[in-house]
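Colleague: Each chain, letter by letter, is given below.
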Amino acid sequence: MCGQCGCEPAPIATQPRRLINLEQGLLIKNEGQAHRNRAHFHRHGLLAINLLSAPGSGKTTLLEKLVATWPSPPVGVIVGDLATDNDARRLKALGARAIQICTGDRCHLDASLVDRAFSQLDSQGMNLLVIENVGNLVCPTAFDLGEDLRIAVLSVTEGEDKPLKYPALFKSADAVVINKTDLAAAVAFERESALANLRAVAPQAQLFELSARTGDGLGALQSWIWEQLVPRI
Amino acid sequence: MDAVQRLAEQEVRRQGASRIHRLQLRIGSLAGVDPDALQFAFDVVMAKRCSEGATLDLEVVPTVCFCSHCRQDFAPRDVIYACPSCGALSAQILQGRELELVALEVS
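Residue numbers (my numbering), protein chains in the order written: chain U, 6 to 238; chain V, -2 to 104.
Calculated directly from the structure, the hints in this document are not laboratory data.
These numbers come from a predicted model, not from an experiment.
Using N, Cα and C, we set each Cβ at its ideal position, and we do this for glycine too.
There could be a bad hint or two in this list.
[Said to hold, decoys possible] Quick look at which bits of chain U chain V covers, simulated, 3 or more residues with Cβ under 8 Å:
# : region
1 : 25 to 39
2 : 139 to 149
3 : 167 to 176
4 : 207 to 213
[Unchecked claim] Partial selection, computed: residues in chain V whose CB lies under 7 Å from chain U:
#  : residue
5  : H18
6  : L27
7  : G29
8  : L96
9  : E97
10 : V99
11 : L101
12 : E102
Chain V on its own, in the form it takes in the complex (with noise of 0.2 Å):
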């Protein structure tokens, strides 16, 4: 949450902004991040800056995986990450570790 504040308050200071209405985050189900903890981390340390008040948006992404046997993506249906096609197990994760500030709302 720090490197989120740290960011956008940064931004809003490049662009001679003052307030910060809503914050957009993308967040990979694989990223060790609890949405409803991170909601309420918001809520604590945006409080009573120049974020006071701002929504969170969450894009949770799932993971997807690529099957090396079959040359396709898949999307796990739980933590083993089985093929649905031919069963073979994946360690190719190509989404799901996304940490990311993906768009401010300023004024």
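Only chain U is shown next, with the shape it has when bound in the complex (with noise of 0.2 Å):
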């Protein structure tokens, strides 16, 4: 025995070797439960949003404006991060029903996760709820949590050829946040070419420019997430 898996040492092959077609996907479990999340949040009557970008983009910002102005609060929050419930702590001053999830050493969310962080939620009279990703821009793409939207954030310190250099997460989301416009200036962002770029490499992406500090173009992001969830109500 090997001690891990139960298996025997083979000393001499017992049996001939033999081939097994299996075809099975790799993130089958992933999908399943980001499957039944789905559901699950349909049922209580949410519309759920997995934030995703890079670290230091402003998510937590944006969130914190979210929460406080979303017309029908409360909004509820699970905040994933490596370390620390900073971020939920911060959530729940402004009136969310925030929920962290320290991953430890896992640089993103999967489905499993927010399962269990959902079911500590109090999801009574909520209708949006606001899955914040580990600050990432690879891994989070291929872990769907069970959201009805994707949106990423990119900020304009990142540079604009972002969406070049990362297009996997970009070509998956249903709306694209340039945040912190109120920098563009001082680091000389250009904002025709970010836009080129977004438009190039997320066609199916709705584009939304904001300042997530100063709350400026906040309005037209709220807006199209309202929108998003009136069919529910």
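Hints given; two lone chains; assemble the complex.
Modeller: Encoded structure:
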């Protein structure tokens, strides 16, 4: 016995080699749970958003503004970070029902983590659930959490060509937010180039330009999210 | 890699086999998996188990999109999925996101 999987050591090959065809998806477990999450959220009358970006793009500040100005509070929030519950505390202070998931060394959320966090959340009277993913532009892309909408955030300080460097994430987004527009001049952000890159890489995505810090441009994003919710009510 | 290992070992038990000799994976070019990193993870994770010494066969699936104007499939040349016939941008990805355990060779 190898002590790990229960297999026998094989001093002598007792059986002939044979090929087993499996054709099985590696993320099948996650996909099943994501499907159950989606159905579960819908039964609770919730629109679920998966919010993704690189670390430091301003996801939490954007969430703070959404939570504080959402027309039908409270907003449910599940926040993923490697460590600390700072984000959940910031959001709770603004009236959100927030659960922090500390992922430890995991670089993305998966559907089971979201399911466990959601079971701790009182969803009574809520119509919006935002899941703030771990700051990472690669791994979270492959993991469906059961969301209705994916919103990717790109801040002006990250450079105009980020959508070209990390195309898979932007291609999977329903909307892309260009954040920190108040800093655009200071970092010589080339707006037209960024918009052209986004339109080329992610032609399916709605684009929003805003500053979460000043609140400038936030209304358009909020109205769009509200419009996605309306068919539910 | 954990999922590969879990699925493979489960299948080995189910088949009453005792060793894995070869593992065949299908990875889409959009799946966010770097083949070299995957090979490295494979060597680390599969060592000292019933799969010690097993080889990894990687089949990389190129991205294929659909152009709704021309009603035809095309293979994009870069990260901008423009139809080579009409230039329209496509967000309909037909293949390239695969992440599958295709087959196992066991004894």
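Colleague: Hint by hint, say whether it matches the structure.
Modeller: Each hint tested on the structure:
1. 25 to 39: Answer holds; 9 residues pass the 8 Å Cβ test.
2. 139 to 149: With 4 residues in contact (Cβ-Cβ under 8 Å with chain V), the coverage given for the region 139 to 149 of chain U holds.
3. 167 to 176: holds (count 4)
4. 207 to 213: Answer holds; 3 residues pass the 8 Å Cβ test.
5. H18: At 6 Å from the nearest chain U Cβ, H18 of chain V passes the 7 Å test, so the hint holds.
6. L27: This hint holds: L27 of chain V lies near chain U, its Cβ roughly 5 Å from the closest one there, short of 7 Å.
7. G29: holds (5 Å)
8. L96: holds (5 Å)
9. E97: Status holds, d = 5 Å.
10. V99: holds (6 Å)
11. L101: holds (5 Å)
12. E102: holds (5 Å)
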